[in-house]
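Quick note, the sequences are listed as chains A and B, same order. Sequential numbering from 987 applies to the first sequence in this note's numbering. Sequential numbering from 5 applies to the second sequence in this note's numbering.
Simulated from the structure, these hints should not be mistaken for lab results. Watch out, some of these pointers could steer you wrong.
Claimed, not checked - For the chain B half of the interface with chain A, some residues (derived, Cβ under 8 Å), not all of them:
id, residue
1, P51
2, C109
3, I110
4, N126
As the list claims (entries may be wrong) - Now the stretches of chain A that chain B is said to cover, found in silico as 3 or more residues with beta-carbon under 8 Å:
id, stretch
5, 1151–1157
6, 1248–1259
7, 1276–1284
Idealized CB from N, CA, C, for every residue including glycine.
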Amino acid sequence: MERLYAWIDDRLHLSRLAAVASKKKVPVHRLMPFYYFGGMTLFFFFVQVATGILLMLYYRPSADEAFESVEFLMTTVPFGWLMRSLHSWSANLMVFSCFAHLATVFFMKAYRPPRELTWITGVLLLFLTLAFGFSGYLLPWNQLAFFATKVGTDIAGAVPFIGEWLLRFLRGGDRVTGGTLSRFYGWHVAILPALTTLLLAGHLLWVQLLGMSRPPGEKQRSGRPREMPFFPHFALRELFGWTLALGVLAALAALFPWELGDKADPFAPAYRDIRPEWYFVFMFETLKLVPGGEIAGIEYEAIPILLFAAAGLLLVLVPFIDRGASREGRSPGFTLAGVLALVYVTGFTAWGYRSLVPFWIVLGTAGLIAALSLLTPGEETQP
Amino acid sequence: MTSPSEVEPGAGRPDPLRRRIVDWLAGLSATALAGSVFFPLLRYLSPPRIPEAATSQIEAGSANDPELIEKGFKIVRFGSEPVILVRVGEDDFRAFAATCTHLDCIVEYRPERKVLWCNCHNGQFDLTGRNVAGPPPRPLARYEVHVVRDRKGAAPTLVVARS
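If we strip away everything but chain B, and leave its shape as in the complex, we get:
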């Protein structure tokens, strides 16, 4: 490296201003190039949002479903969401979003304690969906259950609807 004092100012050296402009343009082009590479890449990595048809109600089978009677609950598909249908008593059915508000696990019903229980982190909800113990930060969304008796003698059908 030669120090500036050894060289006559301007002799053989490019104009400092011109060099600054060239540096700036080169930097700008490099930034633009990097941007045009990384912008599509970043967009590519985050998945597109796919709209889903909104479900307003579903038919959840017979009120005499043996699974429902034996375990006291069953998980039904509400569009692409899991919904837990609980049989509290002979004629008392309730439905909640089955996805725990803590970390996304699917809850079950424990009839002996009368709570909705998440096995992942021991979150507990009561039979109104309220988060009563453990880590869950919010209550479970409640759904309506309609008991439909359309034919004489046949078991009633359960219909779960968004409330």
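Next comes chain A alone, as it looks inside the complex:
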């Protein structure tokens, strides 16, 4: 056994790697649990890769066969329903933990130098995750997916100047057809995974190289900063979290198998109460509010779309705009902007689901959480 280890060590330098890993420390403070969202997202990504590859064994990407192949998978293939449910649920949980990771990293101002590149790759990975969600949504070729894709690609078409090219590029033609399906399949299983792997490698490498950031507020506390070794202390906690995540995922997938709906029909009206996946609902609700009209050759509907694009760009550039935080100072303006964005996104999302959950329940819950967080005294500073 020892000889085997020595043989491997000579070739892979495991002991050097172990020496590096043993030096890595994770800051310990009251906001520490938020560090787990990144690892959680990674876990769901692994689940996506594994279940996605398994789904490819039965899926057929064509307008005539896609719906039928998923139907066959769900009804006839042993545990086919489970694989698809896991893939769909894990996708949603991955988007959620991605958003949570983004929000917590933003509020802890972890994008301060020297971690700008970690932030940028992170935001780009979030966009890729949404692109995965959007492209994967069409693949079962059901009615809901068909309309979501029609609307989503038409939104791209509203962009001034390049809109028409973009729309045809996305759809693979003028309309959403089987050609669109082939295209989305290619993006979903080849192009996006390749880009994600590349960015993820950078993202993780930088996290390892630079370590975890200590929030500015925690730095100002008196006393020696506490920390714990990454391996095994933090890694084992992370493993516990992953096990928990697997449990939640399996329970959701088994108890609420993902529905398939009706096959896409280009000659049927959109049905009532139609809405996209929850993570696009805030944009969807915003678009509903914009009236029809035109100003200086630009249709009104293009304005929110351009604003969303600008917001995305700003998000990428946050580390370079937030001068206060980059000098290790305070930047309350950015915290406020983050809170407002959060209120807008959660508020509009809740509004979009008002037919399922009355809006006053959402408002009441939010008020209760806000009141509790204000009333709860902060942790005493350790002497």
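Given the structure of chain A, go ahead and fit chain B onto it with the hints provided.
This is chain B only, laid out in the frame that chain A set:
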């Protein structure tokens, strides 16, 4: 790196002009190479335009179609475009492009409100196709409906035509 002052001008160094020309040629070749790679790639990515036969009119079934009577509308294929055929009254049929002018969804008819309604973003059109509420920026294109009675006793046939 040696600074220029340490070396005699011209000693062992290539002629600056010749170097500039070589640099320029190398840059040009690299640009041409990149162009010859990316031009076909970009063209490949944007799909070809396929001309479609223009449809001028279609037969849309019987005026007594139970679906049409029960729901007040049906969607028919006009070439590759969906067209909504609305039964406003006993003898009053109207047809419009069924694709919402907002974001491409397919509209339905709500007889209780007498509007064409898009469920995606709550766009509304009246029975002349005019966008009356919600986000749609333009009216729906109108089609002509002809009620054809060719045989005595048989239900009339509806024919939808481009107006």
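Here is what the structure says about each hint:
1. P51: holds (5 Å)
2. C109: holds (4 Å)
3. I110: Holds: closest Cβ of chain A sits about 5 Å from B:I110, inside 8 Å.
4. N126: Holds. Min distance 6 Å.
5. 1151–1157: Since 4 is at least three, the answer is holds.
6. 1248–1259: Since 8 is at least three, the answer is holds.
7. 1276–1284: Contact hint for the stretch 1276–1284 of chain A vs chain B: holds, 5 residues under 8 Å.
Checked against the numbered hints above, the structure breaks none of them.
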